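Student: Residue-level listing of the chains:
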Amino acid sequence: MSYTPTLPAKDFILYGETFSSRFLLGTALYASPRLMRDSITQSRAEIVTLGLRRQNPADRSGDAIWQFIQESGRRLLPNTAGCKSVKEAVTLAEMSREIFDTDWIKLEVVGDDYNLQPDPFGLVEASDILIKKGFKVLPYCTDDLILCKRLVDVGCEVLMPWGAPIGTGQGLLNRYNLRTLRERIKDIPMIIDAGLGAPSQAAEAMEMGFDGILLNTAVAKAHNPPLMAEAFADAVDAGRKAYKAGLMQKRQTASPSTPTIGQPFWHQ
Amino acid sequence: MTNLLKLQDAAMIDISLNNESKQIAAHILLSDALVQWGFGETKIAVAINGEFVPRSTYGEREILAGDQLDIVKPVGGG
Chain A
174 MSYTPTLPAK DFILYGETFS SRFLLGTALY ASPRLMRDSI TQSRAEIVTL
224 GLRRQNPADR SGDAIWQFIQ ESGRRLLPNT AGCKSVKEAV TLAEMSREIF
274 DTDWIKLEVV GDDYNLQPDP FGLVEASDIL IKKGFKVLPY CTDDLILCKR
324 LVDVGCEVLM PWGAPIGTGQ GLLNRYNLRT LRERIKDIPM IIDAGLGAPS
374 QAAEAMEMGF DGILLNTAVA KAHNPPLMAE AFADAVDAGR KAYKAGLMQK
424 RQTASPSTPT IGQPFWHQ
Chain B
440 MTNLLKLQDA AMIDISLNNE SKQIAAHILL SDALVQWGFG ETKIAVAING
490 EFVPRSTYGE REILAGDQLD IVKPVGGG
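Residue numbers (this note's numbering), protein chains in the order written: chain A, 174 to 441; chain B, 440 to 517.
For lysine-lysine, the following DSSO-like pairs were computed, each having C-alpha atoms within a straight-line distance of at most 30 Å: (1) B:K482 <-> A:K309; (2) A:K260 <-> B:K461; (3) A:K394 <-> B:K482; (4) A:K359 <-> A:K322; (5) A:K359 <-> A:K183; (6) B:K482 <-> A:K305; (7) B:K482 <-> A:K257; (8) A:K257 <-> B:K461; (9) B:K482 <-> A:K306.
Here's a subset of chain A near chain B, in silico, CB distances under 7 Å, partners left out: (10) G199; (11) T200; (12) T222; (13) L223; (14) L225; (15) R226; (16) R227; (17) P230; (18) G235; (19) W239; (20) N252; (21) T264; (22) M268; (23) I272; (24) N389.
If you want the footprint, here are the derived chain B segments under chain A, 3+ residues with CB under 8 Å: (25) 480-492; (26) 502-512.
Source of the hints: derived by calculation from the structure; they are not laboratory data. Predicted model, so just to flag it, every value in this text is computed and none were measured. Ideal Cβ positions, reconstructed from N, Cα and C, are used throughout, including at glycine.
Please work from the sequences and hints to get the whole structure.
Tutor: This is the structure in structure tokens:
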């Protein structure tokens with residue numbers, strides 16, 4: 174027996190590559206490298222994010238994390254976290270491409286220290302430069318429709334709008350903007366990146382038709398990160414299934430689900 | 440003696456390495472400096488004065504007085 178999905182069920186394709194998992198996981202903030210490794214495993218993620226930082230050659234503290242990330246065999250998505258200018262972001266992207274041997278870059282250009290809000294103008298300019306240099310840019314952006322359209326105009330084939338500011342765990346703060354984005358930009362994969370705190374929020378984003386979820390803090394700061402990673406993976410899957418199945422329309426008035434015909438004890 | 444000190448001073452240059460002041464010998468190549476600093480076997484990437492320096496050019500790039508070097512390694516990231 175087969176049923177026709179009410180909504181188009183597209184594969185998860187990023188820059189021409191098809192992925193079966195729609196959950197992308199960050200590798201920072203874990204209490205230990207082993208917790209990070211186990212969280213990656215339980216998340217079923219095929220893509221993990223990571224970064225580059227200044228380090229003293231004698232400091233080997235990051236080596237275990239890097240070793241576990243390599244051993245995980247996941248596709249690497251390096252970021253330009255903390256960059257506040259186009260030049261910084263472009264330079265760090267070039268350093269990432271060399272060190273990680275990938276032209277994929279999660280582009281971050283921070284516009285404000287308080288909420289780490291992406292700088293929309295810098296983001297478009299840096300995306301344009303990097304795409305011309307051969308990068309595959311996945312921009313961490315706000316939920317602003319016009320910004321997202323400009324990013325697509327310069328060649329971004331994936332968008333990563335925020336749910337809420339990084340590390341806040343506040344969920345989907347602006348549902349109107351997110352729904353508008355999904356409605357107006359149908360053909361570009363969109364991954365909700367940052368700000369989610371609970372699996373239910375990830376499921377809601379997927380139910381709205383977003384294509385994937387990227388997060389870090391909500392897993393890394395859970396009491397049991399690997400279990401939370403699994404919970405998010407399940408929520409992403411459930412939300413995607415719900416989107417494909419098609420949610421019912423909300424109604425103002427109650428409507429009985431059990432048939433009223435044949436109701437006992439009722440007499441005219 | 441004073442002249443000798445001056446000569447020694449002239450042979451050293453001031454640079455910045457990961458935002459820390461450092462004195463190194465003049466006319467040293469980036470590739471040699473990286474080995475001296477213990478980065479020889481490490482997975483790193485380098486920028487000088489905010490510009491990316493490809494690994495293939497380490498042996499050609501002389502470190503100059505006032506250069507600001509950034510040397511980065513992989514870390515966990517979100």
